[in-house]
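Asks: Here are the chains, one letter per residue:
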Amino acid sequence: MKAKRYLVAGAATALALGLTACGGSTGSTGSGSSASGAASDDSNCADAAVFCIGLVTDTGKVDDKSFNQASHEGAKAAAAADGGFYKYVETQDAKDYAANMAQFTNKKYDVVVTVGFLMTDATAEAAAGSPDTKFIGVDQFFDPATVTAKNLTGIQYPEDQAGYGAGYLAGLMTKTNKIGQVLGLEIPPVQKFAKGYEAGAKAANPAVQVTTVYHPAGDNAFNDPTWGAAEAKKQLDQGADFIFGAGGNTGNGALQEVAKATGAGDTVFCIGVDTDQWDTVPAAQKCLITSATKELSKSVTDTIAVANKGDFEGLTTMGSAGLAPFHDFDSKIPADVKTKVEKVVSDLKSGALETGVTL
Amino acid sequence: MAAWIQRNKFSVILGVVVLVLAYIYYFSDKTTALSMYRYAWTYAVPLVLCALVGVIGERSGVVNIGIEGQLLVSAFAGFFGAAYSGSLIVGILSGVGCGLILGGFLAWTTVKWRMDQIIAGVVLNIVATGITSFYYKPGQLLPALMPHWSIPGLSSIPLIGEVFFKGTGVIALIAIIAVFGIHFGLFKTTWGLRTRAIGEYPSAADTAGINVITMRLVNVTLAGALAGLAGVFLSMDSTSSFERGMSAGRGFLALAIMIFGAWRPLRAAAAALFFGFVTAAASQLQADQVINVPPQLVGTLPYVLTLVVLAVAAGRVRAPGAVGQPFVKEGK
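Going down the list, the sequences are from chains H and X.
Read in order, the letters of the first sequence are residues 1 to 359 in this note's numbering.
Read in order, the letters of the second sequence are residues 1 to 332 in this note's numbering.
For the record, the hints were derived by calculation from the structure and aren't laboratory data.
Beta carbons are placed, not taken as given, at the ideal position from N, Cα and C, and that holds for glycine.
Treat the hints with caution; some may be incorrect.
To give an idea of the chain X side of the interface with chain H (calculated C-beta under 10 Å), a few residues [what the hints assert, rightly or not]:
1. K137
2. S156
3. R244
4. K329
My request is simple: use the sequences and hints to build the entire structure.
Replies: Here it is as structure tokens:
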């Protein structure tokens with residue numbers, strides 16, 4: 001009786017979650033102010049004159065203050081610039097990737113942006129099934145040998161360079177010779193950040209010890225701030241004085257925990273990720289010395305513009321990555337450290353310096 | 001005392017062994033050990049509170065699947081209450097208030113209206129996810145940080161004092177008091193005897209003159225306050241922001257811990273601590289790279305160990321007899 005009740009409960013919960021997951025939440029903006037071709041709904045997307053952009057997030061939200069949000073803003077900007085219609089779907093469960101993309105392809109959207117490495121396979125499959133829609137995969141790479149569809153492109157970023165710069169700064173400034181990182185799921189973009197961070201720190205200071213911890217669970221790896229905070233606290237307790245929080249809300253939890261620690265901003269510091277988190281996570285400003293950023297918004301906007309007007313076929317994009325401004329910490333970082341870090345970042349960009357990170 | 005030890009031989013021996021091992025590790029590597037114990041306790045606080053909600057509910061004969069929802073709404077209400085009013089007290093009160101209201105909702109629908117308890121709980125969870133996602137506004141800040149104190153005297157005890165009483169917040173302290181208080185209440189007071197009676201054999205309790213309906217209503221509603229505190233802890237103490245879905249399954253985990261703890265507050269607290277420690281160990285193994293295995297595999301460690309312990313414990317524990325069954329007074 002008892003066991004059966006829990007079984008029923010489990011089944012009911014699973015069903016309920018499944019139901020809420022279907023489709024996920026959506027939102028849209030028609031760019032009403034633009035002139036001709038501006039659509040206020042997506043009923044005429046099949047019409048060549050109407051430019052429709054759809055965006056499917058990974059299992060995160062468009063206000064996650066980092067990855068999905070930046071891509072979302074890029075797509076929104078593109079819609080505004082080209083007088084298009086824009087709509088997004090937030091994925092609740094990885095099983096819904098295909099269904100969420102189908103919401104757009106069924107209505108003949110011109111461009112579908114899929115956000116996140118985890119959607120790579122689903123995107124390739126959807127592109128093969130809907131040849132009239134152009135697909136842009138953020139953080140995705142399609143091997144031309146295996147993916148033959150011409151209507152898709154991936155945008156990648158040199159996360160290792162951004163991580164390297166952040167690690168280099170931490171390596172130069174650490175007093176305890178211990179630095180840490182609290183990460184989301186162990187997937188290539190996150191791994192590149194993490195390995196770059198470690199390589200940069202070791203390059204600046206061979207004695208430094210880097211603690212690397214990924215969130216263990218798949219489902220909520222990017223949305224578990226409580227875990228991130230506890231993990232950051234553990235690393236601080238063990239003597240780390242720099243914490244790199246890279247993993248959506250999980251990383252944000254770590255940043256906020258460091259901001260609460262004694263000596264935040266004086267002896268312990270945190271480093272944000274993806275966007276300049278000085279603006280997106282104000283609670284972390286007390287310790288946020290910089291962020292390892294990817295230029296997500298701009299690359300999404302640019303690629304959508306190419307998809308609309310330009311030569312889309314065979315396009316591969318390598319976005320750029322670097323360090324965010326130091327904001328209030330500008331005066332606290334010694335001048336020679338700043339010069340060294342700036343040189344490393346620009347050398348990485350120009351190719352004079354390699355991070356040596358391999359996955 | 002001797003008789004008590006005799007009766008609880010297994011628990012006492014296990015407790016002493018664990019404590020000795022904990023101190024051995026503490027004195028061999030103080031920094032790492034202490035950071036892991038502190039992690040375990042931070043991780044365990046919401047689980048302990050939620051497991052107590054489950055214990056009180058099921059001891060009274062009501063299954064509470066909706067703890068996850070209570071947790072999420074309270075975390076939401078606590079954070080935004082504090083952010084908009086500019087007062088931490090208002091935040092805590094609104095979080096606890098929401099816990100109570102949802103507890104009351106669950107109690108009323110299942111006890112008064114005899115709705116299926118599982119369905120009522122699931123409904124609560126879905127509503128909680130929906131409401132908190134819909135009304136979520138990014139970019140809010142807490143007016144201040146939750147205060148943390150060190151209890152004079154107690155905090156200087158090696159290990160135990162440093163983990164539980166040094167730099168601790170009010171909710172973590174309440175959790176400790178609640179564990180002991182509810183354990184005492186359940187097994188040493190009239191209220192406890194009556195609660196256990198209505199959960200085991202409500203018609204007998206009814207014959208003895210206990211008002212089963214009222215008692216279930218009150219117990220399940222008041223237990224909601226603990227879920228509220230756990231929610232406030234999530235969004236205001238252990239982190240300082242609310243994120244959608246931030247309860248991340250802790251309400252369900254608490255139910256497993258309740259069973260693990262054999263529906264007894266002290267054992268449930270021990271189980272939660274054990275769970276917290278294994279989670280800390282999992283991340284520490286990953287950080288130290290002692291063993292070169294993928295983190296996903298290390299991350300399953302707490303769950304695998306729980307399965308093992310549950311398998312060993314199975315058969316030794318028994319749920320309250322009338323749990324999940326609505327009470328219908330004869331002749332009505």
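Asks: Let's test the interface hint: is any C-beta of chain H closer than 10 Å to that of S156/X?
Replies: At about 18 Å, which exceeds the 10 Å cut-off, the nearest Cβ of chain H leaves the hint on S156/X violated.
Asks: Less than 10 Å between beta-carbons is the criterion; does K137/X satisfy it with respect to chain H?
Replies: Cβ of K137/X sits 9 Å from chain H, so the hint holds.
Asks: If you take the shortest Cβ to Cβ gap from R244/X to chain H, is it below 10 Å?
Replies: holds, 6 Å
Asks: With chain H as the partner, please determine if K329/X meets the hint condition of a C-beta pair closer than 10 Å.
Replies: violated, 22 Å
In this structure, the hints that do not hold are numbers 2, 4, in rising order.
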